[in-house]
Amino acid sequence: AQSVAQPEDQVNVAEGNPLTVKCTYSVSGNPYLFWYVQYPNRGLQFLLKYITGDNLVKGSYGFEAEFNKSQTSFHLKKPSALVSDSALYFCAVRPSSGGSYIPTFGRGTSLIVHP
Amino acid sequence: GAGVSQSPSNKVTEKGKDVELRCDPISGHTALYWYRQSLGQGLEFLIYFQGNSAPDKSGLPSDRFSAERTGGSVSTLTIQRTQQEDSAVYLCASSPPRQGPIPYEQYFGPGTRLTVT
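Chains A and B are the protein sequences, given in the same order. Read left to right, the first sequence gives residues 1 to 115 (our numbering). Read left to right, the second sequence gives residues 1 to 117 (our numbering).
Honestly, the hints are just simulated from the structure, not real lab data. Some hints could be false.
Claimed, not checked - Restraint ranges, calculated between C-beta atoms of paired labels, are given here:
#, chain 1, residue 1, chain 2, residue 2, range
1, A, N55, B, G51, 29 to 37 Å
2, B, S38, A, S100, 19 to 27 Å
3, A, G98, B, G59, 36 to 44 Å
4, A, P115, B, P55, 43 to 51 Å
5, A, S26, B, R113, 43 to 51 Å
6, A, I112, B, P97, 36 to 44 Å
7, A, G98, B, Q80, 33 to 41 Å
8, B, R98, A, L56, 36 to 44 Å
9, A, E8, B, Q80, 35 to 43 Å
10, A, S28, B, G59, 29 to 37 Å
11, A, V83, B, P97, 22 to 30 Å
12, B, P55, A, G98, 16 to 24 Å
13, B, R113, A, D9, 17 to 25 Å
As the list claims (entries may be wrong) - Partial pick of chain B residues on the chain A-facing surface, computed with a CB cut under 10 Å:
#, residue
14, Q6
15, L43
16, A93
Stated by the list, open to error - Pairs of lysine-lysine residues, derived as DSBU-like cross-links and limited to a Cα-Cα distance of at most 35 Å, are as follows:
#, chain 1, residue 1, chain 2, residue 2
17, A, K49, B, K15
18, A, K69, B, K57
19, A, K22, A, K69
20, A, K22, B, K57
21, A, K49, B, K11
22, A, K22, A, K49
23, B, K57, A, K58
Small disclaimer: the values here were computed from a predicted structure and weren't measured. Even glycine gets a Cβ: it sits at the ideal position worked out from N, Cα and C.
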């Protein structure tokens, strides 16, 4: 069975500082990995995905994520946080072959960027 | 273009009543997913439709929950005899047709907030 862990319920960071939102996963074989963001009273919006190739993936709004196979991690990063980045962030995984086409989501991490 | 839409945006119902939640996916998207989002619980998968294939119902929590997708487009999630624990935000998502092994991301609707009193 596949699973995702987002070990931090909340991350606090000052505006202008770098941010990291952590994600680790468990899946059979190679993973497809996704990050989504949810603003209040909105659905989830896609940020970026890792399929294969370069371990550093760049996405929307200046976010990037680094795939680390040995640590089974896919942490979301941004060099300089904005107050408008404050939102709920979800990591998701599904296997690249076999298994289910249905992604499994983490429980979400609330990012709060202070002015 | 138009995104995924869901209706109603909010629904308050009494315990024991039936409710229907509607999802209009993006035109041309063959995959449709329903999720339930409860506070602090992340996204709980409910059901998955892919084209004309039989739906994957493995996430439905009880036989009070059912869903259908008519004409490969609009989907309705029905909850019968609602219970207070059904209170949550119900999210719908769609994805384009698969082309080879590369997965497309999901496009989510704004959700329906269901409150069972």
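Hint check results:
Checked against the hint of 29 to 37 Å, the C-beta distance between N55(A) and G51(B) comes to roughly 33 Å, which is consistent with it. At about 21 Å, the CB distance of S38(B) to S100(A) agrees with the hint of 19 to 27 Å. The beta-carbon spacing between G98(A) and G59(B), approximately 19 Å, falls outside the hinted interval of 36 to 44 Å. For P115(A) paired with P55(B), a C-beta distance near 46 Å keeps the hint of 43 to 51 Å intact.
The supplied range of 43 to 51 Å is broken by S26(A) and R113(B), whose beta-carbon atoms lie about 31 Å from each other. For I112(A) and P97(B), the Cβ-Cβ distance of about 38 Å falls inside the hinted range of 36 to 44 Å, so the restraint holds. In this structure the hint that G98(A) and Q80(B) lie 33 to 41 Å apart at CB holds, the actual value being about 35 Å. Taken as a hint, the range 36 to 44 Å is violated for the pair R98(B) and L56(A), whose Cβ atoms sit roughly 26 Å apart.
Taking the beta carbon of each, E8(A) and Q80(B) are about 38 Å apart, inside 35 to 43 Å as hinted. Remark: the range hint 29 to 37 Å for S28(A) to G59(B) is contradicted by a beta-carbon distance near 19 Å. Here the CB-CB span from V83(A) to P97(B) is close to 38 Å, at odds with the stated 22 to 30 Å. The hinted window of 16 to 24 Å between P55(B) and G98(A) holds, with their beta carbons roughly 20 Å apart.
Our hint of 17 to 25 Å for R113(B) and D9(A) holds, since their Cβ atoms are close to 21 Å apart. Taken as an interface hint, Q6(B) checks out: its beta carbon lies about 8 Å from the nearest beta carbon of chain A, inside 10 Å. Proximity of L43(B) to chain A holds as hinted, the smallest CB-CB distance being about 4 Å (cut-off 10 Å). Proximity of A93(B) to chain A holds as hinted, the smallest CB-CB distance being about 8 Å (cut-off 10 Å).
Simply put, K49(A) and K15(B) have alpha-carbon atoms about 40 Å apart, too far for the 35 Å limit, and the pair is violated. Proposed proximity of K69(A) and K57(B) is supported: the alpha carbons are some 31 Å apart, at most 35 Å. Only pairs whose Cα atoms come within 35 Å are accepted, and K22(A) paired with K69(A) is accepted, the gap being roughly 14 Å. Distance hint between K22(A) and K57(B) is fulfilled; the C-alpha atoms sit about 30 Å from each other, no more than 35 Å.
Annotation: proposed proximity of K49(A) to K11(B) holds, straight-line Cα distance about 33 Å (limit 35 Å). Proposed proximity of K22(A) and K49(A) is supported: the alpha carbons are some 15 Å apart, at most 35 Å. Between the alpha carbons of K57(B) and K58(A) the distance comes to roughly 34 Å, so the proposed pair stays at or under 35 Å and holds.
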